[in-house]
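Asks: Next come the chains, spelled out residue by residue.
Number of protein chains: 2
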Amino acid sequence: MAQYGLIEAGGTKFVAGIADEEGTIFARHRIPTTTPEETLGATIGWFRQQGLKPEAIGIASFGPLDLNRASPTWGHVTRTPKPHWSGADLTGPFARAFGCRVGLETDVNGAALAEARWGAGKSAGSLLYLTIGTGVGGGFVSEGRLLHGLSHPEMGHIRMPRHPLDLDFAGHCPFHGDCLEGLACGPAIIARWGVSLSELPEGHPGSDIIAWYLAQAAVTFQAIMDPARIVMGGGVTATPGLLDKIRTMAAQSGAGYFVGNPAEVIVAPALGDNSGLLGALAVALGI
Amino acid sequence: MAQYGLIEAGGTKFVAGIADEEGTIFARHRIPTTTPEETLGATIGWFRQQGLKPEAIGIASFGPLDLNRASPTWGHVTRTPKPHWSGADLTGPFARAFGCRVGLETDVNGAALAEARWGAGKSAGSLLYLTIGTGVGGGFVSEGRLLHGLSHPEMGHIRMPRHPLDLDFAGHCPFHGDCLEGLACGPAIIARWGVSLSELPEGHPGSDIIAWYLAQAAVTFQAIMDPARIVMGGGVTATPGLLDKIRTMAAQSGAGYFVGNPAEVIVAPALGDNSGLLGALAVALGI
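Just so you know, the protein sequences line up as chains L and B, in that order. Numbered by the working numbering, the letters in the first sequence go through residues 1 to 287 in order. Numbered by the working numbering, the letters in the second sequence go through residues 1001 to 1287 in order.
Rather than coming from a laboratory, the hints here were simulated on the basis of the structure. Hints may contain errors.
[Stated by the list, open to error] Pairwise CB distance ranges, derived in the manner of DEER restraints:
no., chain 1, residue 1, chain 2, residue 2, range
1, B, Asn-1261, L, Ala-263, 50 to 60 Å
2, L, Ala-263, B, Pro-1083, 28 to 38 Å
3, B, Thr-1078, L, Asp-208, 31 to 41 Å
4, B, Pro-1205, L, Pro-187, 28 to 38 Å
5, B, Gly-1087, L, Ala-263, 53 to 63 Å
6, B, Glu-1022, L, Thr-80, 55 to 65 Å
7, B, Thr-1134, L, Pro-205, 30 to 40 Å
8, B, Glu-1022, L, Phe-26, 35 to 45 Å
9, B, Gly-1286, L, Arg-69, 36 to 46 Å
10, L, Val-259, B, Glu-1143, 16 to 26 Å
[To be verified] Chain B regions said to be covered by chain L (calculated; three or more residues, Cβ under 8 Å):
no., stretch
11, 1223-1234
12, 1238-1249
13, 1274-1284
[Claimed, not checked] Selected chain L positions facing chain B (Cβ under 8 Å, derived; list incomplete):
no., residue
14, Ser-151
15, Glu-154
16, Met-155
17, His-176
18, Ile-224
19, Tyr-257
20, Gly-260
21, Ala-263
22, Val-267
23, Ala-270
24, Leu-271
25, Gly-272
26, Asp-273
Backbone N, C-alpha and C define an ideal beta-carbon position, used for all residues, glycine too.
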């Protein structure tokens, strides 16, 4: 059976893995993210040690990335505040070391592909994957194909209405102030109330306010894509009871206008800790 | 050269046409929208009179439509307040009369396909078409393919921030109040100020307020799809000077974060009166 090399490239660690095309992961290995030379070199070293003869290699990576296939710097990190990584070539070293095709996507788009193929969106036709944590990101897959315009989505930066009890907060996004990320990401919650949602005292309006923002975002995504599934992952949405609130509020705001019913559409991720590596696998299979 | 039968199906009139695959329209004919029997019958009659032997027939229609190919009522109008047209079969009569494939899309998706193929988005890769008039609608095309989830987009119903000088208006949408359509469509303008934007006295803030809403919407669409072109058509955006205001305000709100520069991305439609029939042709060619 064909083998695939997988890389989940994160800002603090890389996870390398080996799998078959059905999603069985045979081996995985964690490598700290230091410099491109060290980290990519250690990843190649581990693949070799495992005797990998890959059909293809897939990378699901932190960004920003140049994903324009016509660009001379396709497959590279673009400008990032992360030391050493601006301009780093993520794909070339693997293509040279293993002589195979190498695919690259954002980590969020990778997770969207994986949830659509093996997880919460299996057989559903279309899936929007959102992660709400340190930041907010999203990817949309329809019939196995990722939504792309000039660049990968930056769904955290959609414009938002304001909750009537939250008019004084300027928002946490350095670029846009009160976009979705600026209002609902983990640091925006800490900036307002000093603790995470699950640490707020009972009766505090914080959970309702954040659930309301995520419900408004769900309505906007229904209006634009009407996804069969909206997966909400990340630390913020793991707060107990939050998904149920979001479902109820999205149904109220949508007023039955869209085909998808939020009670069925809005779901938790299904792939857990495997979503990064399976994202890389989906990227490798889709080259 | 192959011939295609085209139908632009509107609430007050149908326009039938005949064209080749390059977009040359040889003949067109206008038919009032009365009952499905009369209007579809007259359309078939005109096609026959013209001696049409179509390779395929494309319909770009008012809605709501059942566009789910797996549904037994694919190609029918669903529930509409328009008398006689709920449940009307738009495609079957043409398939039976001409023994050819018949394609159907919403009028907005048709215009999006046509602008992407022959108009403002030619060679651009991706295009969002918005029409802002009696209502607000939108369609997105990437590499010739329409964005579809569970249903066609209802982009007029995205959630919106509120302009600080427009906090008292409840919004005009019967379902969502202050969604994009509820704030920026023609009737929402009349409801606030009694006249259309171009009839407002000089110095009135109305144009700036509406331009700001359309700029916020453009930013949201850039965050989600980053379209190479955002075409803004319809009566409201035809107001002199409005597109320039929208471009400036979208650039301010986006803060340079997205790949597309609003000054180049936001454009007027290029196909004028032909966009309906060319939309039907794009549908026929895409079956």
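Asks: Confirm or reject each hint.
Replies: Comparing the hints with the structure gives:
The beta-carbon spacing between Asn-1261 of chain B and Ala-263 of chain L, approximately 40 Å, falls outside the hinted interval of 50 to 60 Å. Restraint check, Ala-263 of chain L to Pro-1083 of chain B: a C-beta distance of roughly 34 Å satisfies the suggested window 28 to 38 Å. One distance hint, 31 to 41 Å for the beta-carbon pair Thr-1078 of chain B and Asp-208 of chain L, holds here, with the actual separation near 35 Å. Taken as a hint, the range 28 to 38 Å holds for the pair Pro-1205 of chain B and Pro-187 of chain L, whose Cβ atoms sit roughly 35 Å apart.
Our hint of 53 to 63 Å for Gly-1087 of chain B and Ala-263 of chain L is violated, since their Cβ atoms are close to 27 Å apart. Under the hint 55 to 65 Å, the C-beta atoms of Glu-1022 of chain B and Thr-80 of chain L, about 45 Å apart, miss the expected range. Taking the beta carbon of each, Thr-1134 of chain B and Pro-205 of chain L are about 39 Å apart, inside 30 to 40 Å as hinted. Against the hinted window of 35 to 45 Å, the Cβ-Cβ separation of Glu-1022 of chain B and Phe-26 of chain L comes to about 53 Å, which falls outside the hint.
Look at Gly-1286 of chain B against Arg-69 of chain L: about 23 Å separates their beta carbons, and that is not inside 36 to 46 Å. Separation of Val-259 of chain L from Glu-1143 of chain B is about 25 Å and conforms to the stated range, judged on CB atoms against 16 to 26 Å. Taking a C-beta to C-beta cut-off of 8 Å, the stretch 1223-1234 of chain B contributes 6 residues in contact with chain L, enough for the three needed, and the coverage statement holds. Look at the stretch 1238-1249 of chain B against chain L: 0 of its residues bring a Cβ nearer than 8 Å to a Cβ of that chain, fewer than three, so the hint is violated.
For the stretch 1274-1284 of chain B, the assignment as covered by chain L is violated, since 0 residues bring a beta-carbon within under 8 Å of that chain's beta-carbons and 3 are needed. Interface restraint check for Ser-151 of chain L: the shortest CB-CB distance to chain B comes to about 4 Å, inside 8 Å, so the restraint holds. With a cut of 8 Å, the hint placing Glu-154 of chain L at the interface with chain B holds, because the nearest CB-to-CB distance is about 5 Å. Annotation: interface hint on Met-155 of chain L holds; nearest CB of chain B at approximately 6 Å, less than 8 Å.
Interface hint status for His-176 of chain L: upheld, as the beta-carbon distance to the closest one in chain B is roughly 6 Å, under 8 Å. Interface hint status for Ile-224 of chain L: upheld, as the beta-carbon distance to the closest one in chain B is roughly 6 Å, under 8 Å. At its closest, the beta carbon of Tyr-257 of chain L sits 5 Å from a beta carbon of chain B; the interface hint therefore holds under the 8 Å criterion. The beta carbon of Gly-260 of chain L comes within 5 Å of a beta carbon in chain B, closer than 8 Å, and the hint placing it at the interface holds.
Because the beta carbon of Ala-263 of chain L sits about 14 Å from the nearest beta carbon in chain B, more than 8 Å, this interface hint is broken. A distance limit of 8 Å between C-beta atoms decides the matter here; for Val-267 of chain L the minimum to chain B is near 14 Å, and the interface restraint is violated. Because the smallest distance between the Cβ of Ala-270 of chain L and any Cβ of chain B comes to about 19 Å, over 8 Å, the interface hint for this residue is violated. At about 21 Å, the closest approach between the beta carbon of Leu-271 of chain L and any beta carbon in chain B exceeds 8 Å, and the interface hint on this residue is violated.
A hinted interface residue such as Gly-272 of chain L counts as satisfied when its beta carbon comes closer than 8 Å to some beta carbon of chain B; here the least separation is about 25 Å, so the hint is violated. A distance limit of 8 Å between C-beta atoms decides the matter here; for Asp-273 of chain L the minimum to chain B is near 28 Å, and the interface restraint is violated.
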